[in-house]
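3 is the number of the first residue of the sequence shown in the working numbering; add one for each residue after it.
One or more of the hints may lead you astray.
With a straight-line Cα cutoff of 30 Å, these simulated DSBU-like cross-link-like pairs (lysine-lysine) come out [said to hold, decoys possible]:
(1) 128 - 117
(2) 40 - 128
(3) 71 - 17
(4) 17 - 128
(5) 128 - 63
(6) 115 - 40
(7) 86 - 128
(8) 71 - 117
(9) 117 - 63
(10) 115 - 71
(11) 117 - 86
(12) 115 - 63
(13) 71 - 86
(14) 85 - 63
(15) 63 - 40
(16) 85 - 128
(17) 117 - 85
(18) 17 - 115
(19) 115 - 128
What follows is a list of derived Cβ distance ranges for each label pair [what the hints assert, rightly or not]:
(20) 70 - 5: 16 to 26 Å
(21) 8 - 77: 32 to 42 Å
(22) 5 - 67: 35 to 45 Å
(23) 63 - 5: 36 to 46 Å
Derived from the structure by calculation, the hints contain no laboratory data. Since the structure is predicted, the reported quantities are computational estimates derived from the model, not experimental observations. We put the CB at the ideal spot given by N, CA and C, even for glycine.
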Amino acid sequence: MASVIHYTIATEAEKSPDFRRVLWTGEHTQLVIMTIPKGGEIGEEVHEVDQILTFVSGTGKAIISGSEKVVAQGDLVVVPAGKKHNFLNTGENPLILYTVYGPAEHADGAVHKTKEEADALEEAGKDEPPTSD
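Work out the full structure: start from the sequences and follow the hints.
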């Protein structure tokens with residue numbers, strides 16, 4: 003019998019303040035937790051995959067295709083594939099969220115301690131999602 007794959011997001015966030023950490027990668031989706039430090043941001047980007055972000059704590063601003071919306075604990079934001087987006091931490095505390103990509107966007111098991119590390123690995127082609135070949 004298969005076991006239940008279960009995460010308590012607040013507990014996962016407390017384990018490590020990593021900018022980005024892949025929690026699980028499946029055949030069609032990927033679960034990633036992110037901690038955006040005070041004054042930080044994800045960085046403007048466009049994905050070829052759909053993305054759903056759920057905010058666990060902190061306050062921030064979502065910018066999608068030029069439109070802005072304040073986000074806070076309990077909010078969920080959908081970013082369709084191909085839409086330019088960024089998320090900024092506008093509060094005093096870390097902005098913690100989890101995001102689901104469909105299909106996967108990052109390397110299975112990836113841990114990026116900072117945005118700079120994440121950007122460098124992406125640019126070097128070392129953060130590629132698994133392929134289904």
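**Prompt:** Between residue 85 and residue 63, does the CA-CA distance stay at or below 30 Å?
**Reply:** holds, 16 Å
**Message:** Holds or violated: residue 115 and residue 40, Cα atoms, limit 30 Å.
**Reply:** holds, 15 Å
**Asked** Holds or violated: residue 117 with residue 85, Cα cutoff 30 Å?
**Response** holds, 20 Å
**Asked** Within 30 Å, alpha carbon to alpha carbon, are residue 115 and residue 128?
**Response** holds, 15 Å
**Prompt:** Is residue 40 close enough to residue 128, meaning Cα to Cα at most 30 Å?
**Reply:** Holds, at about 27 Å.
**Message:** residue 63 and residue 40 were given as a pair; does the straight-line alpha-carbon distance stay at or below 30 Å?
**Reply:** holds, 12 Å
**Request:** Given the hint that residue 128 pairs with residue 117, test it: the Cα-Cα distance must not exceed 30 Å.
**Result:** Holds, at about 14 Å.
**30 Å limit on alpha-carbon distance, applied to hinted pair residue 86 and residue 128** = holds, 22 Å
**Item:** Consistency of beta-carbon spacing, residue 67 to residue 5, with hint 35 to 45 Å
**Value:** holds, 40 Å
**Prompt:** CA of residue 128 to CA of residue 63, is that 30 Å or under?
**Reply:** holds, 29 Å
**Request:** Verify the proposed pairing of residue 17 with residue 128, using a straight-line Cα cut of 30 Å.
**Result:** Holds: residue 17 and residue 128 sit about 24 Å apart, inside 30 Å.
**Message:** Does residue 86 sit within 30 Å of residue 71, going by the straight-line distance between their CA atoms?
**Reply:** holds, 14 Å
Of the numbered hints given earlier, the model fails hints 20 and 21; all others are met.
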